[in-house]
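**Student:** Chain by chain, the residues:
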Amino acid sequence: MISQVLRIAVDTPSDTAMIEITETVKQAVLESPVASGVVWVTTTHTTTGITVNEGLPDVEADLIAMLRRFAPTEDPAYLHARWLPSDGAMAINSATHQRAALLGPQVAFPIENGSVVLGSRQCIYFAELDGPLRRTYLIHILGEASPTSTDLGESAQH
Amino acid sequence: MISQVLRIAVDTPSDTAMIEITETVKQAVLESPVASGVVWVTTTHTTTGITVNEGLPDVEADLIAMLRRFAPTEDPAYLHARWLPSDGAMAINSATHQRAALLGPQVAFPIENGSVVLGSRQCIYFAELDGPLRRTYLIHILGEASPTSTDLGESAQH
Amino acid sequence: MISQVLRIAVDTPSDTAMIEITETVKQAVLESPVASGVVWVTTTHTTTGITVNEGLPDVEADLIAMLRRFAPTEDPAYLHARWLPSDGAMAINSATHQRAALLGPQVAFPIENGSVVLGSRQCIYFAELDGPLRRTYLIHILGEASPTSTDLGESAQH
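Chains as they are written, first to last, in the numbering used here: chain A, 11 to 168; chain B, 11 to 168; chain C, 11 to 168.
Do not take every clue at face value.
One copy or two, it doesn't matter: identical chains are merged, so the pair holds either way.
What the hints assert, rightly or not - Okay, derived cross-link-like pairs now, SDA-like style, lysine to any residue, Cα gap no bigger than 25 Å in a straight line:
id, residue 1, residue 2
1, Lys-36, Arg-92
2, Lys-36, Trp-93
3, Lys-36, Glu-84
4, Lys-36, Ala-87
5, Lys-36, Pro-82
6, Lys-36, Leu-89
7, Lys-36, Ala-75
8, Lys-36, Pro-86
9, Lys-36, Pro-67
10, Lys-36, Ser-96
11, Lys-36, Gly-129
12, Lys-36, Gly-124
13, Lys-36, Thr-83
14, Lys-36, Ala-99
15, Lys-36, Asp-85
16, Lys-36, Ala-101
17, Lys-36, Thr-54
18, Lys-36, Ala-91
19, Lys-36, Ile-102
20, Lys-36, Leu-128
Because the hints were derived from the structure by calculation, they are not lab data.
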């Protein structure tokens, strides 16, 4: 069994951004010795998310609008809005923690014959929710170098 | 290590539907040679989700109502509402992409002694958010044929 | 390959609570023979969640407020509000099922050199949404005892 953890840096361009990383993930799997197994994409932060959606700019913009609707940037009810001694700064990002909880921190996809198995419209996104910042996410590849996968094909159901 | 990717077709009955697939997943694991490992259930689409909940029709209906409340089907602010050259059709499904982001595309459960480890009320759902369509989800089984699992039992905490 | 499933009991203190379990997960991985692989943290219930966020009490309180805003505890439109023969009780917890769907039932993190790979602010939470109750979550550790991980280091991107 091989288990590789790659740390990928990304400089995010703005406070909120859907950054497509599908090609980076595909390429990492192609360059890995793993032929059969799984790849996880996982953020290392609590005000970012990893999500999957269709790679269209207007879908991305509507997802960002949804996150703002879900958790407004400012709300007088937020408690996480105070001087934070550990940061030496005001905490003003409660909304971004809530948006991160909605999106979740990771996704996983199978590796078959050395390639990621993705649906034809599935794109992987690093979602910046509290940028711009230098961020890091993990590409974790686990499996075997020799092909062990058995594609059992499509079977009708329901 | 064994890694098997099954592609399961499902014909969804309506525009939005919670389709329980627990038995399909359990059966696939039973028929697999893997005795100890993990199973992922992953959609291949961007307007569907995979989620876990209790198998009660009124819970399912309330979850669908929640998704409609979360992302209304129509909203004049949606940008993904235009002629889409790549599809040769109008894009009118921004809400379904947002609902898919909320539910997420997958879940994973352990395999122990050849069976999926699920809580007594945990049912796995394929959530159709933009049907009716023929859809495909993956059952990805990874592990060993011989039992390697060590059930360390329940330990009190907190 | 080693695959271990630990069942961890937790007595939750109130109807809704963010219970940090990071140290329990870290310790389980340290005590496991797995040096290289993955750890999943998965709930066995449908009215709880597993989520990742920053370990600050005001962030936790704002997340709970977000869940209440997302799915109000009572709503006359909820259908899951009736006598439930299988439970011998009234079903009055539709909101908690919806909140569980938002948070999701699990997270996974890499294991490298015998330790969990977590971002510096990432804390793992068991989210009680319908307590107080005795609950169980799984710590599932899968991998190899010998170090197989290759840390390929940080590479700039974007």
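**Student:** Is the C-alpha distance from Lys-36 to Ala-101 at most 25 Å within one copy, between copies, in both cases, or in neither?
**Tutor:** Answer is neither; intra-copy 36 Å and inter-copy 27 Å both fail.
**Student:** State whether the alpha carbon distance between Lys-36 and Gly-124 is at most 25 Å within one copy, between copies, both, or neither.
**Tutor:** The answer is within: 10 Å in one copy meets 25 Å, while 27 Å across copies does not.
**Student:** Check Lys-36 against Ile-102 for me: Cα-Cα at most 25 Å, and say if that holds within a copy, between copies, both or neither.
**Tutor:** Neither way: Lys-36 and Ile-102 sit 36 Å apart in one copy and 30 Å across, limit 25 Å.
**Student:** When no copy is named, should Lys-36 and Ser-96 be tagged within, between, both, or neither for a Cα gap of at most 25 Å?
**Tutor:** between (38 Å within a copy, 23 Å between copies)
**Student:** Give the relationship of Lys-36 and Asp-85 under a CA distance limit of 25 Å: within one copy only, between copies only, both, or neither.
**Tutor:** This pair counts as neither: shortest intra-copy Cα distance 40 Å, inter-copy 35 Å.
**Student:** Between the shortest in-copy and the shortest cross-copy C-alpha distance, which are at most 25 Å for Lys-36 and Arg-92: within, between, both, or neither?
**Tutor:** This pair counts as neither: shortest intra-copy Cα distance 41 Å, inter-copy 30 Å.
**Student:** Treating 25 Å as the Cα threshold, decide for Lys-36 and Ala-87: within, between, both or neither.
**Tutor:** Cα proximity of Lys-36 and Ala-87: none, with 42 Å in one copy and 34 Å across.
**Student:** Regarding Lys-36 and Leu-89, is the shortest C-alpha distance of 25 Å or less found within a copy, between copies, in both, or in neither?
**Tutor:** neither (41 Å within a copy, 29 Å between copies)
**Student:** Could you figure out if Lys-36 and Thr-83 sit no more than 25 Å apart (CA to CA) within one copy, between two copies, both or neither?
**Tutor:** neither (34 Å within a copy, 33 Å between copies)
**Student:** Using 25 Å as the alpha carbon limit, work out where Lys-36 and Ala-75 are close: within a copy, between copies, both or neither.
**Tutor:** neither (28 Å within a copy, 36 Å between copies)
**Student:** Is it within, between, both or neither when you check Lys-36 against Thr-54 at 25 Å Cα-Cα?
**Tutor:** Both: 20 Å inside a copy, 16 Å across copies.
**Student:** Can you tell me if Lys-36 and Glu-84 fall within 25 Å by alpha carbon in one copy, between copies, both or neither?
**Tutor:** For Lys-36 and Glu-84, the Cα distance exceeds 25 Å both inside one copy (37 Å) and across copies (34 Å).
This entry does not satisfy hints 1, 2, 3, 4, 5, 6, 7, 8, 13, 14, 15, 16, 18 and 19, going by the numbered hints stated previously.
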